[in-house]
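**Q** Now for the letters of each chain:
There are 2 protein chains.
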Amino acid sequence: MKNIYIIGVGLIGGSIAKDVKKLNPDILIYGVDKNEAHLDEALSLNLIDEKAIFEDLYKADLVILSIPVDATESLLPEILNKVSDNTLVIDSGSTKVNICKVVENHPKRRNFLATHPIAGTEFSGPSAAIEGLFVNKTNIICEIEKTAFKLQERALTIFKIMGMNLRYMNPEAHDKHIAYVSHLSHISAFMLGKTVIEKEKNERDIFDLAGSGFASTVRLAKSSPHMWTPIFKQNKTNVIETLDEYINNLTKFKEFMEADNFDDIFNEMENTNHIKDILNGIA
Amino acid sequence: MKNIYIIGVGLIGGSIAKDVKKLNPDILIYGVDKNEAHLDEALSLNLIDEKAIFEDLYKADLVILSIPVDATESLLPEILNKVSDNTLVIDSGSTKVNICKVVENHPKRRNFLATHPIAGTEFSGPSAAIEGLFVNKTNIICEIEKTAFKLQERALTIFKIMGMNLRYMNPEAHDKHIAYVSHLSHISAFMLGKTVIEKEKNERDIFDLAGSGFASTVRLAKSSPHMWTPIFKQNKTNVIETLDEYINNLTKFKEFMEADNFDDIFNEMENTNHIKDILNGIA
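Protein chains in written order, with the working numbering: chain Y, 1 to 283; chain A, 1001 to 1283.
Derived DMTMM-like pairs (lysine to aspartate or glutamate); straight-line CA-CA distance at most 20 Å:
| no. | chain 1 | residue 1 | chain 2 | residue 2 |
| --- | --- | --- | --- | --- |
| 1 | A | Lys1252 | Y | Glu198 |
| 2 | Y | Lys201 | A | Glu1172 |
| 3 | Y | Lys236 | A | Asp1263 |
| 4 | Y | Lys236 | A | Asp1264 |
| 5 | A | Lys1236 | Y | Asp264 |
| 6 | A | Lys1160 | A | Glu1143 |
| 7 | A | Lys1201 | Y | Glu172 |
| 8 | Y | Lys254 | A | Glu1241 |
| 9 | A | Lys1201 | Y | Glu241 |
| 10 | Y | Lys176 | A | Glu1258 |
| 11 | Y | Lys176 | A | Glu1198 |
| 12 | Y | Lys199 | A | Asp1277 |
| 13 | A | Lys1176 | Y | Glu258 |
| 14 | Y | Lys276 | A | Asp1205 |
| 15 | A | Lys1176 | Y | Asp205 |
| 16 | A | Lys1199 | Y | Glu245 |
| 17 | Y | Lys233 | A | Glu1258 |
| 18 | A | Lys1199 | Y | Asp244 |
| 19 | Y | Lys236 | A | Glu1255 |
| 20 | Y | Lys236 | A | Asp1260 |
| 21 | Y | Lys201 | A | Glu1241 |
| 22 | Y | Lys199 | A | Asp1244 |
| 23 | Y | Lys201 | A | Asp1277 |
| 24 | Y | Lys236 | A | Glu1270 |
| 25 | A | Lys1176 | Y | Glu200 |
| 26 | A | Lys1137 | Y | Asp208 |
| 27 | A | Lys1199 | Y | Glu268 |
| 28 | A | Lys1059 | A | Asp1049 |
| 29 | A | Lys1276 | Y | Glu198 |
| 30 | A | Lys1176 | Y | Asp260 |
| 31 | A | Lys1276 | Y | Asp208 |
| 32 | Y | Lys199 | A | Glu1172 |
Keep in mind the hints are simulated off the structure, nothing from the lab.
All values derive from a computational prediction rather than experimental measurement.
Work out the full structure, taking the sequences as your base and the hints as a guide.
**A** Spelled out as C-alpha cells, the structure:
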C-alpha cells in the first residue's frame, strides 16, 4: 500500500490521514476536495502530501471517502468506475442503507467496504483533525462479505493502526440503531439551543446564567448543517420514529407535571439514572 | 466569623466547605445532615470539623443551606428562629420564588440571603465535593436589599473566596430564566436517556454504538431525582412553559422532515449554530 487518496480532508478525513501515515514510511497521502481552501489548509497542516483530482484515482491503493453522505451516495459509483481492480474504497458515513444500495450491483462492489467509525467532535474542517481520534472507538462494518478477501485484510490493517474496535451489522440495523444513539442526540441539542436562544434574546444573559450542564447538553448544536442535513434525509424514516418517541416521552413528563404527579416525575428520572453504567461503558 | 454550619454536606455544601475553610485558620466547620452516613463520610473526608445538630445553630456565625429546595422551603423559617441576630443564613437552591416567599414576613428576614451558585456536576454526596467548583462561575443573588448591610458584606467576603461572579435578579426573573438554561436541559437529557434505553434493551449495544456526542447530551440524566423532583415542583409553571416550546420546536423539525423540507431543516440547524459563541462565553 503506497498511494492513499482522501476525498474530503476535514475532521474525519484529516484524522484518518494522521493515522494511516504511520502504516509505513513510503505512504503518500493525496487529498481531493471540492473546497480548494481546505486542500491548501490540509497541505499546510501536513495532513496530506499532495493535492490531487478525481482523475488520479486510478493510481490509488486506498481511497477514503469522508464527505457528506449525499455526496458519497452520488460519487461512490463513479469512484469505483475509476479505481483499479486492486483498490480498496472505504466510506465513513453516518448512514449505510442508501450508500450500500447505490453500489449493490456495481461491477466493482467487491472493491468497496462500508464503514462508520463512531468518533468525531462538534468541529469541522482540516484544522479539526486530531491524532488518536479513533482509538478505542467503535467502527461499524456493513456487508463485509461483499468485499474481496484481500481487501478485507487491507482494511483490517488500517483499522488496527487507527485503534478501533470492530462491530459487524447489516445496513438496515445500523441505520435504525444509530438514529437512536446519535442522530436523535443531535436534534435534541439543536432544538434545545433553539428554544433557549429564542427566549433569551440577550445572549449575555445566557453566558451568565448557563452552567456546564447546559453547555454539555447543547454541545452538538455546533455541528455542521452541511453534514447533518443529508444524514437526516437519508435516515428519514428511522429518525422520525425516534423523534416521535422522544416527543411522546417529553409530553408524558409534561403531563405528569401538569397533574402534579411528582411521584411519577421522580420515577421517570430514577428509572433513567442507570444511564450512568451505560455512560461508563462509553467513556 | 468562626463557626460555620453547613446543612447538607453533599456536592454543593461540601465544596463550599472546602472554600470557606480558607477564610481564616480559626474557622470551625460543623456539618448537619439527616443522613448520618453522609456526615461520617464528610468528617472522614475532612470536609467538616465536627458533626452537629439543629439545636446548635444558635452558635453559628454563618449557616449554609445546601439541601433539596423543598427541604429548604420547610426548614428555613425554623432555622431563622434558631439563629442569633448576627448570623448570616445563605441558601443555594436552584429555585428562588418559593424560598423567598416563605420568609418574606419572617422577623429575621434580614439575616437571610437568597443565592443560587450556578455550579455543580452530575454527581452527588460528600465524595462529589471538589475544590474550586465555584471559580469563575455565576452566583445569582436575589433580594439583596432585604439582607442586613453588615451581613451582605460578610456574604461578599465568602463569594470572593469562592471566586464567584455576582449577578443580581429578582426571584421571579431568576426562576423564569433558569427554567430555560438549566431545568429544561435536565428534562431533555432524562427523556433522551429514557428514549434510547427503552429502545435498546441490550445495553451492550448502547455502549458499542454510542459515541461521545450521546454521552455529552445525556450526561445530566445521571442527576439525583431527590434533588430535581422538588425543583420541578417549585418551578412548575416556568418549566411547563419551556417544555411546551421545546416540544413545539421538535414537532416542527419532525414536520419539516415528514414534508421532505430539508431546506428548512438546514436553516433550523444553521440558525442555531451561533450557540458556539454563547458556549465559548460559558466555557
